[in-house]
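What follows is the residue order along each chain.
2 protein chains.
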Amino acid sequence: MTEPLRIALAGLGTVGAGVIRLIETNADLLTRRAGREIRITAVSARDRGKDRGVDLSPYAWEDDMTAMAARDDVDVVVELVGGSDGPALTLARRAVAQGKSFVTANKAMVAHHGLALAREAEAAGVAMKFEAAVAGGIPVIKGLREGAAANAIERVYGILNGTCNYILSTMEDTGADFADVLAEAQAMGYAEADPSFDIDGIDAGHKLSIMASIAFGTELDFANVGADGIRRILSADIAQADALGYVIRLLGMANVEPATDAADGDTVRLFQRVHPFLVPKDHPLAHVDGATNAVVAEGNFSGRLLFQGAGAGDGPTASAVVADIIDIARGEIGAPFSIPVSELNPTAPAQTGHRTGKAYLRFQVVDKPGVLAELAAAMRDAGVSIESLIQKGAGDGPVLVAMVTHEGEEACVDKAVELLSGSPSLVEAPLVMHILKQ
Amino acid sequence: MTEPLRIALAGLGTVGAGVIRLIETNADLLTRRAGREIRITAVSARDRGKDRGVDLSPYAWEDDMTAMAARDDVDVVVELVGGSDGPALTLARRAVAQGKSFVTANKAMVAHHGLALAREAEAAGVAMKFEAAVAGGIPVIKGLREGAAANAIERVYGILNGTCNYILSTMEDTGADFADVLAEAQAMGYAEADPSFDIDGIDAGHKLSIMASIAFGTELDFANVGADGIRRILSADIAQADALGYVIRLLGMANVEPATDAADGDTVRLFQRVHPFLVPKDHPLAHVDGATNAVVAEGNFSGRLLFQGAGAGDGPTASAVVADIIDIARGEIGAPFSIPVSELNPTAPAQTGHRTGKAYLRFQVVDKPGVLAELAAAMRDAGVSIESLIQKGAGDGPVLVAMVTHEGEEACVDKAVELLSGSPSLVEAPLVMHILKQ
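Chains as they are written, first to last, in this note's numbering: chain U, 1 to 438; chain A, 1001 to 1438.
No wet-lab data here; the hints were simulated from the structure.
Hints are not guaranteed to be accurate.
Cut-off 30 Å, straight-line C-alpha distance, at most; resulting in silico cross-link-like pairs (DSSO-like, lysine-lysine) [what the hints assert, rightly or not]:
1) A:Lys-1437 to A:Lys-1281
2) U:Lys-281 to A:Lys-1415
3) U:Lys-368 to U:Lys-358
4) U:Lys-281 to A:Lys-1368
5) A:Lys-1281 to A:Lys-1368
6) U:Lys-281 to U:Lys-392
7) A:Lys-1392 to A:Lys-1415
8) U:Lys-281 to U:Lys-437
9) U:Lys-437 to A:Lys-1415
Beyond 10 Å from chain U on every Cβ pair, some chain A residues (computed) [as the list claims (entries may be wrong)]:
10) Ala-1108
11) Ile-1138
12) Gln-1364
Each residue gets a CB set at the ideal place from its N, CA and C atoms; glycine is no exception.
My request is simple: use the sequences and hints to build the entire structure.
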């Protein structure tokens, strides 16, 4: 038999404990599939004494997790600590410098430092893998990097944040307001005490930027993800969308455009947006409810591919981490971003004004004569053509006006919003959501 | 740069021409992703003169496709001829014997001879890959073999035949009868002139047996797939299912059970069934319409994973074929069935009588007094408990009685059917469909 593949595990939160449980529970199966034993040799976490429901006594303990990179009895370092910088990044650098392969579930670190780390891993000839960083248990990195590798990818998009999807689909099912559903999700542990990473689209942006690099062969560019969250969505928006044949989902969406300026050389224009979209009810993403994640890749030969499953949780995340470990045990290393970092195209952010599509605009307006005329005039003056409009009279509060535009340029919608900016008729800034093109 | 990977292509039907088009269209991308050029060197088909919409002049022509296995300028033989035996099998054997890797989309050949071929490929140290043999463009072989590799798979099931799914979802949308929709599908080229491979579940059975081997680490056993098709489904069945909260889908379903007899040693009881199921409307497979395929794998850590996309067609199939070629170019070879053939568990077919679940039974009965009592008595005597029942009076023809049972053993339903066998009250044998458990 081949030698065991020896693992050091940094971080023993729910996912770390899940990885230990998985490796213990499925030990025989892993050996059969990997062709060699997967053996944890060393572990590290902040608090040695904490009860994690797993027996740590078989494994060497390191108080300083970064020391694991130097151990002779370790082939692969698995980082499950989190944080884009700090000890996680130090550990990653040291592991690779010591010629050890590196597996992580840390989307923030990959989004911020993935290219630099991948460059170091490629130079060292070791693996750097991060399946668990995107969409939890769903093998979407593998799906893009290998399964869809024969295709030019036209768009990649999906539901990348389970917390937001849980909140939106619960609002849909119950008619409850955002704040109430968020509070309930926090009480149940589905949302963090500080939920902004999730609900403002940052977490989805991390994942989107990683997927985009692999899908398009472009340099990872998290800084230029346009992220917008779900805080402003009202139960009334969900009801209006429903009446019009849509559901609302927070999607990450990316595609590339040719550079407009020949002087750009290899530079590719990369569009990356995290935004609540109106999704037609006959699109597969409209049926993705609760904390589930789903990713769509549209290839020029494959057509639409959909990958769906649990986007978080200890079991699914551990499943993705150990899939990476099995790949390494099988000798499948290869470039972390599918193409060597030196060959990825540099990017500039795509302009958005020329993008065409339908949009949903929702206004909260004061209840007085002439307001609808004012809205309609702004649309007309900006060149926005209205497909449907609903005005919903309220008792005391502001009046809600929701409209769906005909297909048109985003610049026109932006201009209409600008024209209305500062109008005393508006109680708050309009909410604009794009409608997912089939 | 590394040397090009040189491809011989046998079979130039729509898929073969699609592979040529893909390799030409995406040439630069493939070189970047594979790390080396993918170059077709030789092609073969029955009719050299036929216009296929692709220029064959850059490639050497072989009249005898099996001669391609011996060419010095070929590293990988791609077989797109079809047929479980005959020239396809000869070509596969010769390619492997000559130390060449082998890629195929031929599900019938893999289902019948996959283990023997894999054994030969493993002994020769070459790749044998067949992503395109299961679910067209969806990377489901990779998903099971690698993406879900960390998991004990509890069940694998899915919509594996696009023709059947097209027919069933069209019956659902239009209320038309099976024979009419089939005729229309044949006219449009969605169904073969002799449709029995598709509509009797043979094609889905091929795919299921391949997936089951990879998912469960068991010897491939197509001979013991219990296959039943969709010929007997009436539009009335679809309407009844709808009223009860279900849609009807032809699913392939597999799982393993521990061997009941200690004398069996490593033998695993393998359940494999292709059958029209009633699928609850809140299950993701209920929303898979038209010719789309979808596969669900339920892992003990990942939970439910869903892979969805186009199950056939030249573009999607070519996408899967070339993904396999890219894997080979990247040096990712490994055991075709994930585990070396010598280590796969032998199987015996699982018994089905002890399986529990709900079932849908539909009877066409003569319109006379006492028939319902006769049906109800048979259910009672067989120990089948009825959850709901609809009797639909017709004008002249037979009366339709449809019922859904409570959860119970399949043996009881079988017994009820047996008790009614030969009854003059029945116009035809009852139709039994199982209900998919969530």
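Consistency of the hints with the structure:
no.: 1; hint: A:Lys-1437 to A:Lys-1281; result: 12 Å, holds
no.: 2; hint: U:Lys-281 to A:Lys-1415; result: 43 Å, violated
no.: 3; hint: U:Lys-368 to U:Lys-358; result: 28 Å, holds
no.: 4; hint: U:Lys-281 to A:Lys-1368; result: 45 Å, violated
no.: 5; hint: A:Lys-1281 to A:Lys-1368; result: 35 Å, violated
no.: 6; hint: U:Lys-281 to U:Lys-392; result: 23 Å, holds
no.: 7; hint: A:Lys-1392 to A:Lys-1415; result: 24 Å, holds
no.: 8; hint: U:Lys-281 to U:Lys-437; result: 12 Å, holds
no.: 9; hint: U:Lys-437 to A:Lys-1415; result: 52 Å, violated
no.: 10; hint: Ala-1108; result: 23 Å, holds
no.: 11; hint: Ile-1138; result: 6 Å, violated
no.: 12; hint: Gln-1364; result: 34 Å, holds
In the structure shown, a violation is registered for the earlier hints numbered 2, 4, 5, 9 and 11, in ascending order.
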